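Take 8 as the starting number for the sequence shown in our numbering and just add one per residue.
Please keep in mind that the hints were generated in silico from the structure rather than gathered at the bench.
Quantities reported herein were computed from a predicted structural model and do not represent experimental measurements.
Take these hints with a grain of salt, some might be off.
With a straight-line cut-off of 20 Å between C-alpha atoms, the simulated EDC-like cross-links for lysine to aspartate or glutamate are [as the list claims (entries may be wrong)]:
no.	residue 1	residue 2
1	LYS202	GLU174
2	LYS108	ASP96
3	LYS52	GLU110
4	LYS52	GLU39
5	LYS52	ASP71
6	LYS108	GLU39
7	LYS200	GLU174
8	LYS202	ASP221
9	LYS108	ASP71
Restraint ranges, calculated between C-beta atoms of paired labels, are given here [said to hold, decoys possible]:
no.	residue 1	residue 2	range
10	GLY40	ALA177	17 to 25 Å
11	LEU104	GLU174	40 to 48 Å
12	GLY40	ALA18	18 to 26 Å
13	GLY9	ALA95	35 to 43 Å
14	PRO158	ALA69	16 to 24 Å
15	THR68	PHE223	13 to 21 Å
16	PRO46	VAL94	33 to 41 Å
17	SER201	ALA18	21 to 29 Å
18	ALA209	ALA20	32 to 40 Å
A virtual CB, placed ideally from N, CA and C, is assigned to each residue, including glycine.
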Amino acid sequence: AGIATCGLTSAGAAWCWGGNSNGNLGNGTQWEGSDIPAPVMTSAKFISISIGQISACGVSTARDALCWGNNWYGQLGIGSAGGSGGVADSYSPVAVLGGLKFERIATDGPHVCAMQNDGTVYCWGYGADIGTGAIDGYVSLPVRVDYTGSPWVSLAVGYDETCAITEAGALDCWGQGSSTMPISTGRSIVRIKSKQPFTAYALGGSHACAIGADGFAYCWGQNYHGQVGRPPSDP
């Protein structure tokens with residue numbers, strides 16, 4: 008996301024390339040970018056990886072979460088946040104504290120969310136984005152998203168919102184991104200209203216799109232650049 012990309016080899020080695028912001032390439036430097044894939048400085052092998060605009064995270068083959076890059080909002084999950092006098096950045100992966108095991112992970116800005124094998128989701132980082140109902144502040148350790156509905160099977164993270172989908176195709180979202188949410192506050196979990204289930208979805212910085220069971224794409228959020236598939240003058 009943003010100005011950088013990461014990928015995994017068939018053996019699970021992490022490689023990143025592009026612009027380097029606060030160490031989110033994981034190459035041991037704060038700002039040194041790379042125009043070709045470069046190895047992330049860790050011996051860990053991964054099953055899932057995600058890079059945002061200022062930080063990145065992965066789930067190792069041991070199902071541990073590791074993060075690197077900026078930690079201003081506690082995105083590294085190490086129990087401190089740069090914004091409150093703690094560790095500001097890490098230029099190589101560090102283990103997320105708490106001993107939790109995950110299957111997939113996603114980040115795209117000031118927060119991170121990860122899913123366990125039973126669909127339980129934990130998030131950490133900026134308080135308004137992590138599904139706890141908090142308005143602000145930092146959460147520097149994983150916190151379970153309070154949800155008791157049908158289990159989620161996948162999740163996606165935008166810059167200031169998160170969505171997760173159930174096996175039946177119901178889409179739930181939360182965060183402060185009011186422009187991509189169906190309500191103005193956006194801090195509590197809400198179900199996206201739809202007459203049919205969704206089969207796929209993705210979040211951007213200020214908009215979201217999903218594929219319905221009918222095969223059509225449905226988008227919502229800001230449309231200054233035609234992101235929702237209509238002329239930019241449309242609301």
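Do the hints match the structure? See the list:
| no. | hint | in the structure |
| --- | --- | --- |
| 1 | LYS202 - GLU174 | holds (16 Å) |
| 2 | LYS108 - ASP96 | violated (23 Å) |
| 3 | LYS52 - GLU110 | holds (13 Å) |
| 4 | LYS52 - GLU39 | violated (23 Å) |
| 5 | LYS52 - ASP71 | holds (10 Å) |
| 6 | LYS108 - GLU39 | violated (32 Å) |
| 7 | LYS200 - GLU174 | holds (16 Å) |
| 8 | LYS202 - ASP221 | holds (11 Å) |
| 9 | LYS108 - ASP71 | holds (5 Å) |
| 10 | GLY40 - ALA177: 17 to 25 Å | violated (40 Å) |
| 11 | LEU104 - GLU174: 40 to 48 Å | violated (30 Å) |
| 12 | GLY40 - ALA18: 18 to 26 Å | holds (25 Å) |
| 13 | GLY9 - ALA95: 35 to 43 Å | violated (19 Å) |
| 14 | PRO158 - ALA69: 16 to 24 Å | holds (23 Å) |
| 15 | THR68 - PHE223: 13 to 21 Å | violated (38 Å) |
| 16 | PRO46 - VAL94: 33 to 41 Å | violated (23 Å) |
| 17 | SER201 - ALA18: 21 to 29 Å | violated (40 Å) |
| 18 | ALA209 - ALA20: 32 to 40 Å | violated (26 Å) |
When each numbered hint is compared with the structure, violations occur for hints 2, 4, 6, 10, 11, 13, 15, 16, 17, 18.
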